[in-house]
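Generate the whole structure from the sequences, applying the supplied hints.
Residue numbers (the UniProt record's numbering), protein chains in the order written: chain A, 1 to 259; chain B, 1 to 259; chain C, 1 to 259.
Just so you know, these hints were derived from the structure itself, not from any lab.
Among the clues, some could well be false.
No copy is singled out in the list; a pair is fine if it fits within one copy or between any two copies.
[As the list claims (entries may be wrong)] Capping the alpha-carbon separation at 20 Å, the derived lysine-lysine pairs in PhoX-like fashion look like this:
#1 K13 with K2
#2 K199 with K223
#3 K86 with K101
#4 K18 with K86
#5 K186 with K199
#6 K63 with K2
#7 K199 with K215
#8 K101 with K87
#9 K212 with K186
#10 K87 with K63
#11 K63 with K86
#12 K18 with K2
#13 K63 with K13
In this text, all values refer to a predicted model and were calculated from it rather than measured experimentally.
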Amino acid sequence: MKFNNINVYISEKATIGKNVKIGDNTVIYDNVIIGDNSIICNDCVIGEPLNDYYFNNNYENPKTIIAEEAFIRSHSIIYAGSSFGKKFSTGHRVTIRENSKFGNNCRVGTVSDIQGHVEFGDSCWLHSNVHIGQKSKIGNYVFIYPYVVFTNDPTPPSDVCIGPTVGDFSQIAVGTVLLPATEIGKHCLIGAQSLVGGKHEDYSLVIGNPAKRIKDVRDLKLKGTDASHYPWPINFSRNMPWEQEGFENWKLKSGYEND
Amino acid sequence: MKFNNINVYISEKATIGKNVKIGDNTVIYDNVIIGDNSIICNDCVIGEPLNDYYFNNNYENPKTIIAEEAFIRSHSIIYAGSSFGKKFSTGHRVTIRENSKFGNNCRVGTVSDIQGHVEFGDSCWLHSNVHIGQKSKIGNYVFIYPYVVFTNDPTPPSDVCIGPTVGDFSQIAVGTVLLPATEIGKHCLIGAQSLVGGKHEDYSLVIGNPAKRIKDVRDLKLKGTDASHYPWPINFSRNMPWEQEGFENWKLKSGYEND
Amino acid sequence: MKFNNINVYISEKATIGKNVKIGDNTVIYDNVIIGDNSIICNDCVIGEPLNDYYFNNNYENPKTIIAEEAFIRSHSIIYAGSSFGKKFSTGHRVTIRENSKFGNNCRVGTVSDIQGHVEFGDSCWLHSNVHIGQKSKIGNYVFIYPYVVFTNDPTPPSDVCIGPTVGDFSQIAVGTVLLPATEIGKHCLIGAQSLVGGKHEDYSLVIGNPAKRIKDVRDLKLKGTDASHYPWPINFSRNMPWEQEGFENWKLKSGYEND
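This is the structure:
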């Protein structure tokens with residue numbers, strides 16, 4: 001049904017790997033490199049030129065690197081100058097601006113808007129409609145849920161730009177705003193619709209407007225039991241690197257020591 | 001101006017009713033059924049294949065059923081395996097995933113994102129930019145306003161999925177988050193930017209973060225009067241089945257008894 | 001790379017200025033006027049016909065006026081019957097409905113949704129994912145940040161529509177909801193994720209859910225100093241008309257007296 005090679009435009013300066021599918025009405029611009037076995041669905045724009053393109057005759061498109069087994073869903077726009085590790089996937093209508101770096105196995109949900117100049121580790125899952133401002137820095141195994149906004153200007157409007165940082169294994173629940181320069185440690189859970197600033201230590205449960213640390217996430221017990229779902233990697237492993245062997249074994253084997 | 005039959009792709013396995021208009025650059029995939037007198041605007045994708053399509057050579061697209069007089073605005077993506085009653089309409093850039101069921105006369109606003117495996121009754125109006133998570137169940141005559149999010153995972157991340165339920169005639173105002181398993185009764189009004197959990201009885205006005213029941217909606221008086229706008233069907237009938245005869249007469253005639 | 005004149009449709013009834021670039025897959029409908037030196041990127045729809053088009057054989061598209069040096073990024077939809085001053089620019093996937101009026105030098109960010117029947121002055125900057133309901137009225141030099149929603153129905157659902165008004169130099173931070181008929185004065189700063197109603201005097205800092213006036217913005221001091229960033233035009237001038245000469249000189253020279 002799909003991939004009929006209708007109205008496809010691929011620059012001669014793009015490098016397309018083996019066994020790559022490219023959808024109808026999709027455009028791939030100069031200096032894009034797409035890894036083997038990737039799927040780029042219909043109506044996508046890959047390697048969208050930066051602003052300078054429109055006003056500078058000598059413009060050259062910076063490299064865009066998409067590693068193997070990417071799965072970019074339809075109507076997504078990825079600017080030139082970003083790089084994506086293996087198995088990168090997106091929902092529909094994603095916008096990712098220049099100088100974004102993603103590790104392996106990351107996902108970005110439908111309509112999410114990554115403003116560029118950001119850094120993500122491995123296995124980050126951004127759900128639908130997430131907005132990540134420039135200069136944000138996110139670790140590994142981080143979940144960001146719908147309608148979360150990362151901000152970066154402490155005295156708007158200004159030219160100061162200090163994005164939030166989020167540590168490994170942390171989660172930001174729906175509708176939450178991270179104020180500029182917020183620092184979230186590892187294994188934190190930031191509750192829904194919170195307004196969060198400041199610095200939060202590892203394993204914090206942070207909730208409210210303005211948000212406060214409520215307790216240690218490990219003290220969140222499942223209803224009617226004395227067990228906790230947190231740290232979550234013990235109880236959830238789908239598509240995570242410890243899926244086969246379990247979190248504890250994986251930590252030992254992988255040398256993940258900072259946990 | 002529109003409907004110039006440019007770059008249109010319609011599967012031979014699709015069934016298109018009488019007097020259906022299909023916009024330029026629109027794609028209609030296998031096993032889509034579109035009812036008479038429907039308008040599918042430009043740049044839409046109808047019957048988008050499920051994930052399995054990309055990885056299974058024997059994939060067959062499930063049926064997508066769009067009843068008569070649909071009006072799908074441009075750039076909308078509707079996955080295969082969903083069904084829509086009569087007079088279904090959308091704004092632009094709507095995304096509706098598989099196994100979504102809509103009754104008659106429903107509307108979904110621009111950029112809204114319906115995650116699939118959800119159920120809507122008749123005459124539901126979803127405004128722009130609404131996010132409905134999987135396993136949500138919504139009754140009839142329900143209004144959902146911009147930037148509302150329905151969630152479903154009580155202990156993220158996990159594989160548990162318990163969506164909210166919303167009763168007939170209820171409304172969820174802008175920016176509100178419904179937590180997993182929230183139960184909203186009939187004729188409720190959930191105020192703007194609330195964070196709502198738990199179970200709320202019929203006719204509740206619920207507001208805040210965290211949200212609480214404030215009063216009976218019928219005790220909300222119009223400024224300077226002793227009259228209430230609620231229950232709203234007495235005062236508002238545009239495009240509702242009681243538009244001609246009034247709510248009370250319609251209830252008697254239609255046998256709507258659960259009110 | 002771009003502007004290959006592929007799959008472009010321009011109505012014979014459109015008026016295109018000198019040195020205008022029009023991207024691939026873009027459509028320009030009847031009675032659109034585009035000023036000199038404008039860039040309309042790929043996959044845009046300019047002069048989208050109003051609802052009436054679909055149901056009225058005698059429909060004539062109202063004029064759409066885009067002044068000189070516009071820069072409309074890809075996948076944007078601009079309805080017929082709106083007008084835009086010089087140097088209007090947008091992000092991607094913007095939707096702007098009919099009867100919207102924008103002054104000079106305005107910007108509308110990615111995925112923003114302007115519902116029509118609204119008025120903006122000069123140099124307004126709307127960031128990504130802003131939702132402006134009908135009948136909103138916004139002054140000059142106003143900043144609106146991501147996920148802000150302007151509402152207009154005081155007793156939903158109803159046919160009453162009273163949008164908010166915002167005065168010159170004011171800012172609405174991320175995730176904030178303005179309730180119907182809210183009046184924001186000049187030089188106000190409305191904090192992130194606030195729920196705002198009522199009337200707020202000039203120079204107010206307004207924060208919270210429900211939002212309250214906290215102090216005069218000029219009493220917000222920069223950390224460790226006795227200086228304030230506000231009124232911001234003294235400290236920020238990028239792309240503003242006082243960029244060259246400074247705010248005080250500009251006020252004198254331009255005759256801006258209402259400040």
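At 20 Å max between alpha carbons, let me know whether K18 reaches K86 within a copy, between copies, both or neither. Result: close within a single copy only, 15 Å intra versus 45 Å inter.
At 20 Å max between alpha carbons, let me know whether K13 reaches K2 within a copy, between copies, both or neither. Between copies only: 14 Å across, 25 Å inside.
Have a look at K18 and K2 and pick one of within, between, both or neither, based on CA distance no larger than 20 Å. within (18 Å within a copy, 26 Å between copies)
Could you place K199 and K223 in one of the four classes (within, between, both, neither) given a Cα distance threshold of 20 Å? Cα proximity of K199 and K223: across copies only (17 Å, versus 29 Å in one copy).
Using 20 Å as the alpha-carbon threshold, which applies to K63 and K2: within, between, both, or neither? between (28 Å within a copy, 17 Å between copies)
At 20 Å max between alpha carbons, let me know whether K212 reaches K186 within a copy, between copies, both or neither. So K212 and K186 pass the 20 Å test inside one copy only (16 Å; across, 32 Å).
For the identical chains here, do K63 and K86 meet the 20 Å Cα criterion within one copy, between copies, both, or neither? Intra 17 Å, inter 33 Å, cutoff 20 Å: intra-copy only.
Within, between, both or neither: how does the pair K186, K199 come out at a Cα-Cα threshold of 20 Å? Within one copy only: 11 Å inside, 33 Å across.
For the identical chains here, do K63 and K13 meet the 20 Å Cα criterion within one copy, between copies, both, or neither? within (10 Å within a copy, 41 Å between copies)
At most 20 Å between alpha carbons: which applies to K86 and K101, within, between, both or neither? Within one copy only: 12 Å inside a chain, 35 Å across chains, cut-off 20 Å.
Pop the pair K87 and K63 into one bin, within, between, both or neither, using alpha-carbon distances up to 20 Å. Only inside one copy: K87 and K63 sit 19 Å apart there, 30 Å across copies, limit 20 Å.
When no copy is named, should K101 and K87 be tagged within, between, both, or neither for a Cα gap of at most 20 Å? within (14 Å within a copy, 32 Å between copies)
Against the hints set out earlier in the document, no violation occurs for any number.
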